[in-house]
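J.: Residues per chain, in single letters:
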Amino acid sequence: MSALTRRHDFVLIFDVSNGNPNGDPDAGNLPRLDPQTNHGLVSDVSLKRKIRNYVELAKGGEAGFHIYVEEGAILNEKHRQAYTALRPDDEKAGAVKKLNPKDDREAVALRDFMCANFFDVRTFGAVMSTGINCGQVKGPVQMTFASSVEPILPVEITVTRMAATNEAEKKKGEEGSDEDARADNRTMGRKHIVPYGLYVAHGFISAKFAERTGFGEGDLELLFEALTNMFEHDRSAARGEMTTRKLIVFRHESALGNAPAHKLFERVRIDRSIGGEPHEIDDRIGNYAPARKFSDYVVTLDRDDLPNGVEIVELM
Amino acid sequence: MSLLSIRLHVWGRYALFTRPELKVERVSYDVMTPSAARGILEAIHWKPAIRWVIQRIHVLQPIRFQSIRRNEVGHKASASNISRAMKRGDLAGLQLLVDEDRQQRAASVLTNPAYVIEARFEMTSRAGPTDSVGKHLDMFNRRAARGQCFNQPCLGTREFSAGFELVKPGEPLPARSPEVETAELGFGAPRDLGLMLWDIDHAAPGRPSLFFRARLESGILEVPPPGSDEVLR
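If you read the sequences in order, they're chains C and X. For the first sequence, the positions run 1 to 316 when my numbering is used. For the second sequence, the positions run 1 to 233 when my numbering is used.
Since the hints were derived computationally from the structure, they do not count as laboratory data. Each hint should be verified, as a subset may be incorrect.
Claimed, not checked - In silico DSSO-like pairs for lysine-lysine, Cα to Cα no more than 30 Å straight-line:
1. 87(X) / 138(C)
2. 50(C) / 47(X)
3. 208(C) / 23(X)
4. 76(X) / 208(C)
5. 135(X) / 50(C)
6. 246(C) / 170(C)
7. 135(X) / 263(C)
8. 172(C) / 191(C)
9. 135(X) / 208(C)
10. 87(X) / 263(C)
11. 263(C) / 208(C)
12. 168(X) / 208(C)
13. 23(X) / 138(C)
14. 50(C) / 23(X)
15. 293(C) / 138(C)
16. 59(C) / 87(X)
17. 48(C) / 23(X)
18. 59(C) / 48(C)
19. 59(C) / 76(X)
20. 263(C) / 168(X)
21. 170(C) / 191(C)
22. 47(X) / 138(C)
23. 48(C) / 76(X)
24. 138(C) / 208(C)
25. 138(C) / 76(X)
26. 208(C) / 47(X)
Build out the structure end to end from the sequences listed, making use of the hints.
T.: Next up, the structure:
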């Protein structure tokens, strides 16, 4: 596969309704917030996880599209373990204690092997403990934190379960109340949701790094496919409804690029739609009802006076 | 500022210039380190023939921190596992299982940072007969003015991307609003930032870290030149 020869920058716009797009482990799984502005955040690693999961679903371990940083145990792996337990005389690989590549040549061979087999190593890179220059593979695709276009208001929702986890919990419930038999073995829990939030993430694809990892045009297509579809396959009780709304790609003609990324990103403008009219998002917007759906926003893309050698590809 | 120096305005939403002593739960330095500044310049233009020397870092925004905790993976890829898989011709067992290898780590990152990096470059021993300071200076200026880069530069770590713009020779620096000019940035009296990473000596065995005593004076961090007594081993 020949590597990518053109630089790309992209803007990913997605929304969430009644769900938690990315919980904050520091805040009891509340949706992530920028404490200074109350804008919602979704970390880069959260988005990358979804890309990996989508590729794993779509390609199902096809040669060259394995996922290195996997979520959950792989069933085949468990089967294999059973086999190796039954046939202990098969090749024992676990004997070697410590091994570092002998020289640069071997380090390169290891790196190339990983890049050729694993989509996520080829795309995002990986840190390999090869002992030579830390053996880092820098991937061509770099993503930033997604941030909501307006402040979000996380809501805490208390829910109940009509069952107790264990005997002790059940007893505690019985002692507490006498009037309601239903309350006896009930547990209460919490969910945090964002009623609605529109988020924007920026991404960069370096053609020069693609050269090093062999990230090709086919991989690029798969990446964009993942970005448009990844939320469709990440449904869960916590997420609510998440959807990719827009994916705008700026394709540069050259490997180094033809325009500054921030200038291109400024061409994507998001306004609130109030009575069908676009309004700039500023302090005065607080007088209007909060946004609760995608049609409460207007996304406009300025296509005028594009810098030479930059092409806009709107994928959604 | 000499004619052979460059000035680059960089900014972003977040930055994380990790202190080497606090890197499990990462804590950022107050100000961009010279090595991070070098990394940004190298993302735009670098050849083995040249070496960037950071002269000065101008701090344009107040120093504000924010904490972010993320789920991270505890392990690096193991070279021995990879070479075993290569020999076997089978990828089984090579994956990292994230759920079984979770580490939750907090990072104290800077918010809304903006800097101007002032730097020059030197020719190294690998420079050929066709390499000259002027040629590489032109290449850098051309790329930076057009927004071209080898890869998008970042402020410390790759998820915090940096916007960049060349400050052309003779042009004034981006304005700093008067309310930013506080004692925190060393206005009035110099502010001691303590020992700060200068760079990592990649040529020496063991790759030792070099430090310097960082002082913010009227929003400017002066960086000692390579080989000076102020660079501490």
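J.: Would you mind marking each hint as holding or not holding in the structure?
T.: Hints versus structure:
1. Our distance criterion of 30 Å between C-alpha atoms is met by residue 87(X) and residue 138(C), whose separation comes to about 25 Å.
2. Of the supplied pair hints, the one linking residue 50(C) and residue 47(X) is violated, its CA atoms being roughly 36 Å apart against a limit of 30 Å.
3. For the proposed pair residue 208(C) and residue 23(X), the alpha carbon gap of about 29 Å is at most 30 Å, so the pair holds.
4. With a CA separation close to 24 Å, the supplied pair residue 76(X) and residue 208(C) stays within the 30 Å bound.
5. Note on residue 135(X) and residue 50(C): the hinted pairing is violated, with a Cα-Cα distance of about 44 Å set against a maximum of 30 Å.
6. Among the hinted pairs, residue 246(C) with residue 170(C) is inconsistent with the structure: their alpha-carbon atoms are about 49 Å apart, more than 30 Å.
7. Taking the CA atoms of residue 135(X) and residue 263(C), the gap is near 27 Å; set against the 30 Å cutoff, the hint holds.
8. Straight-line distance between C-alpha atoms of residue 172(C) and residue 191(C) comes to about 23 Å, which keeps the hinted pair within the 30 Å bound.
9. Restraint check: the Cα-Cα separation between residue 135(X) and residue 208(C) comes to about 21 Å, which is no more than 30 Å; the hinted pair holds.
10. For the hint pairing residue 87(X) with residue 263(C), the CA-to-CA distance comes to about 48 Å; that exceeds 30 Å, so the pair is violated.
11. Simply put, residue 263(C) and residue 208(C) have alpha-carbon atoms about 21 Å apart, close enough for the 30 Å limit, and the pair holds.
12. The straight-line distance between the Cα atoms of residue 168(X) and residue 208(C) is roughly 26 Å, inside the 30 Å bound, and the hint therefore holds.
13. Our distance criterion of 30 Å between C-alpha atoms is met by residue 23(X) and residue 138(C), whose separation comes to about 20 Å.
14. Of the pairs offered as hints, the one joining residue 50(C) and residue 23(X) holds, with about 26 Å between alpha carbons and a cut-off of 30 Å not exceeded.
15. Taking the CA atoms of residue 293(C) and residue 138(C), the gap is near 38 Å; set against the 30 Å cutoff, the hint is violated.
16. Restraint check: the Cα-Cα separation between residue 59(C) and residue 87(X) comes to about 24 Å, which is no more than 30 Å; the hinted pair holds.
17. Distance restraint check for residue 48(C) and residue 23(X): the Cα-Cα separation of roughly 22 Å lies within the 30 Å cut-off, and the hinted pair is therefore satisfied.
18. Of the pairs offered as hints, the one joining residue 59(C) and residue 48(C) holds, with about 16 Å between alpha carbons and a cut-off of 30 Å not exceeded.
19. Taking the CA atoms of residue 59(C) and residue 76(X), the gap is about 24 Å. The hint holds against a cut of 30 Å.
20. Between the alpha carbons of residue 263(C) and residue 168(X) the distance comes to roughly 18 Å, so the proposed pair stays at or under 30 Å and holds.
21. Between the alpha carbons of residue 170(C) and residue 191(C) the distance comes to roughly 22 Å, so the proposed pair stays at or under 30 Å and holds.
22. Using a Cα cut-off of 30 Å, the hinted pair residue 47(X) and residue 138(C) holds, with the two alpha carbons roughly 18 Å apart.
23. With a C-alpha separation of about 17 Å, the suggested pairing of residue 48(C) with residue 76(X) holds against the 30 Å cut-off.
24. Between the alpha carbons of residue 138(C) and residue 208(C) the distance comes to roughly 10 Å, so the proposed pair stays at or under 30 Å and holds.
25. With a CA separation close to 14 Å, the supplied pair residue 138(C) and residue 76(X) stays within the 30 Å bound.
26. With a C-alpha separation of about 14 Å, the suggested pairing of residue 208(C) with residue 47(X) holds against the 30 Å cut-off.
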